[in-house]
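*Asks:* Position chain B against the provided structure of chain A, taking the given hints into account.
2 protein chains.
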Amino acid sequence: MAQLISERRDVDFVLHEQLEVGKFAEQEKFADFNKKTVDMIVNEARNLAIKELLPTWKDGDTIGCTFENGKVRIPESFERAYDLLKKGEWTAMSEDPEWGGQGMPKTVALAASEFFNGANYPFMMYPGLTHGAGKLVETFGTDKQKQLFLKKIYTGEWCGTMLLTEACAGSDVGALETMAYPQPDGTYKIVGNKIFISGGEQEQLSDNIIHPVLARIEGAPAGTKGISLFLVPKYRVNDDGSLGAFNDVVCTGIEHKMGIHGNCTCSLALGGKDDCIGELLGEPNKGMAHMFLMMNEARLLVGMQGFGCASAAYMYSLNYAKERVQGALITNPKGGGVPIIQHPDVRRQLMMMKSYTEAMRSILYYIAYCDDMAHLATDPEEKELYEGLVEVLTPIGKGYVTDRSFDVVSQGMQVYGGYGFIEEYPLAQLLRDVRITLIYEGTNGIQAMDLLGRKLGMKKGKIFMSLMQKIGTSIAAAKAVPELAPMAAQAEASLNKLGEVAMHMGKTAMSEKVMTAFSFAHPFLDVVGDLTAAWMLLWRATIAQSSLGKKKKEDAFYNGVIKSAEFFIYNQLPVADGKMNAILRGADAAMSIDESSFLS
Amino acid sequence: MAQLISERRDVDFVLHEQLEVGKFAEQEKFADFNKKTVDMIVNEARNLAIKELLPTWKDGDTIGCTFENGKVRIPESFERAYDLLKKGEWTAMSEDPEWGGQGMPKTVALAASEFFNGANYPFMMYPGLTHGAGKLVETFGTDKQKQLFLKKIYTGEWCGTMLLTEACAGSDVGALETMAYPQPDGTYKIVGNKIFISGGEQEQLSDNIIHPVLARIEGAPAGTKGISLFLVPKYRVNDDGSLGAFNDVVCTGIEHKMGIHGNCTCSLALGGKDDCIGELLGEPNKGMAHMFLMMNEARLLVGMQGFGCASAAYMYSLNYAKERVQGALITNPKGGGVPIIQHPDVRRQLMMMKSYTEAMRSILYYIAYCDDMAHLATDPEEKELYEGLVEVLTPIGKGYVTDRSFDVVSQGMQVYGGYGFIEEYPLAQLLRDVRITLIYEGTNGIQAMDLLGRKLGMKKGKIFMSLMQKIGTSIAAAKAVPELAPMAAQAEASLNKLGEVAMHMGKTAMSEKVMTAFSFAHPFLDVVGDLTAAWMLLWRATIAQSSLGKKKKEDAFYNGVIKSAEFFIYNQLPVADGKMNAILRGADAAMSIDESSFLS
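Line by line, the protein sequences give chains A and B.
Numbers 1 to 600, taken from the UniProt record's numbering, label the letters of the first sequence in order.
Numbers 1 to 600, taken from the UniProt record's numbering, label the letters of the second sequence in order.
Looking at chain A on its own, in the form it has when it is part of the complex (with noise of 0.2 Å):
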């Protein structure tokens, strides 16, 4: 069967060739993940969104979600999906058992994820964000809170959100306007409005949902260093677990948005007409640090949502292109019509595609071992490596994975032609969702002033020098394979050419050209992201050509992995060259032109 939404072969590769997960298990906390057992999660995570999740995915989009009478209705067919889910105990893949999860190494879990997400993301935020707001409870909650709230929520059977933005504070979370008033009990009376809450209302997967709320405690300073976070049920819930009356959290709208129609995005009233009653969840006024230690997890949720679509799009469009016969060769002009994949222009597209999806799902899966090696790490200078990887390499996986996932996708479009428009084909409902990958989460511009202005400098630049080093030795492995020594050379002077952008965008970040500086934050994370994918693809195909040969029916794959680190780094580490030069330039119309000149 034509693969549909991930190449099951190269989830493989990186799995066990490039990051070699089996190893986990010598170590005690994962000694039940051997490779077979991985072999197996990946098997039936892969049957379950093929078969279940990706029939569910048009629904969300053609059926979508209504709004009548104050009820918010999702898809019927999710409600199946999200119980297979339950069953299957895939709501918490990785994590504590005692509290309902599977103890999973991240990057194992991360392979299913790639597979759920890929056939239905809309439809996956549900159980996505559930899993976020526990991750807070177990973080950030009290033993009574978990006790009441964690196995529920971990286990899928109450939902989760999470409630930061407001009409007036979206970038900027520090303006928001949610109240939190003490009251005698130790509990707070929540009163605000909240706006674009993914999964905020629905009566259809769970009886109850919770909601981690971002508010200002009377009295609090302003800005982000006056907020809290608060642990908001819909329904209040009884010490013994029962659930209680109804918590005045009243769904007012929802949005009607360009895609992702399956998840409905609402709009919430807290305390408006009766008591809304929340519990501090962590200290008062520490809701930001709270919220950031989270934002990781869910940025690099975002990335994972943008590849899938771009991994399902290539799938499409490859298959597509080897079934639509179109055209002669130039070579052959009257050698009649021949499949598409033949012609030069779209065998650019596809290795266009086929380059960056590899690239991209080895970035996601490396920030997932990076972050599982970070925990089984005994040596504290280890452990500083892998949670610093994770820091800097967070907007990589946000921004730059969303950024090229967006175009991989229109490119895909591309390839099917004018059928790529039509609805009745996957391409046009792919675009519409995968854009907003690239704004919630925190805007890729967002994520772009984040590598910038907090990771670059991170620990004196020590953690963003641990990535260079990291790719200058896996360059420096495949200068020493003779195949790949031309490309190693090429992202070798790249590596070098990036090590002099950072050093100049940490400079003039720190001078008076900060404005300017920071008006190149972007280009900056594409060519930082550039490298990065790079690395992956040079590090991929370091393997594959120590590979080939061994098994004469792998060896297509291999060379195809050889083939996408050829067409990156040869086509596209010398535009990168070029944004470098950019950079490096500092031009500063952006910044110099005055705001009268922009004219309207």
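Simulated from the structure, these hints should not be mistaken for laboratory data.
Each hint can be trusted.
Heads up, the list lumps identical chains together, so a pair's fine if it works in one copy or across two of them.
Derived lysine-lysine pairs resembling DSS-like cross-links, with alpha carbons at most 27 Å apart: (1) Lys470 - Lys497; (2) Lys513 - Lys334; (3) Lys383 - Lys462; (4) Lys334 - Lys225; (5) Lys334 - Lys507.
*Replies:* Frame of chain A; chain B shown alone:
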């Protein structure tokens, strides 16, 4: 009032300061179109666009087109809009007054077209295709055909379409299967099925629809050389011009598309039940050549559609960025929220949008200008020069302009943040609408092949050389202006590299590496487009620099023109240099990869 579709000041700049269209009035043919008249035309067009067409744009999207009981319905508000276009005599602006046209220079007509298409291009496709059908009748019709059809088409009384595509004949028109059977009276019975026919059926705008149809006369050769063009009315036309019997052109369905919902995309069955009678238009077996004569115009219209979306996206985003308050300045973190236009990353986004929008406006107007000049030229060499420039710039005006327009609209969505993804705001529809412009009228891959395969080598490269020379002349002029000399030097270096790239592409496209060469056709289109954009921006900056200080209130505009050039030349041209390096490197991974290595 904030500009909603296009920056009027910039339109005037291109018309009067860059291209000096008022001078056309010195020629007898255009004596009626002095500067004052031109300004009046632009005023009227802009008013009509903003007051009457723009309010119908959302209707097109939300009401859309329906197909029930064999009837197509388009949004009701389109009826009045179409009526106003007809009454205002906007349907054949640059055509011969003898046939109902206004005899305007194309450059002037383009300004009206910019406002109309920016307001509601899916609606404008109805009159747009009508005009194209009229042009075919004017160029290839017999006297009788012209008498019977032409004036009614040009005045919009009857609508027109273009029937090329079939399910197995998209990019490869030569594969079409529609047949034409000669009848004793000299007419033909047409039998076949066409798909993707924009405006293929409706009853609300006109009581007849004239379909130019590509079909193969019984016994004609296979492929493109056996294709003829026919005139096929929906209702036959009696010799006195009155409507006769239904001509068995049956709409069998409409497409459900990602965007341009206001334009019905029809499947048409010809002669499936009864007789569908067509008259030959032009010479037998010359259908493709005849169509090609109209292709440039159709492609430039698509360029304008894409550009219209980009220009509107820029205007909307700019207004939003000035109004939306969010986040403090990084240089003044305690200063409270500021309009987002003050944030460096947003400024970069707006400058990207501004510079591309201005460059694309100038490119499209310049192509129309070349067309006018070619028609006015009495000197054969001058005529050849301008005709050649139209040829070589058409793939830029369609392919490059729509590629970049999509980028600009997507960037605009990013400026809006979460609101960009919500359908109540304009960006979502703009992004959905603009996307088809990269596909239809020859996908942008086809445009790239046209540039490399036909235009680059046309007249032994003389035409491409004349483009290079034109660019060089503008660079030389800018170099003589001290303030612009550094920019000009950067552009000159890139132009020299483009010369090298063109030589390389020309050579490899004629060698055994032809397939590899064509796998770089699209990057080649990109860089020729980039240099064309840089040329326009530098030309504009040269005028702006010499105009600074003349009228104080104009300086903001002129400074903005110069900043656009600076931004593009220092930030985008280095990226073009990188792309050119990749082209020169000529890596062949896309062609040398074995098909089996794509897997799936």
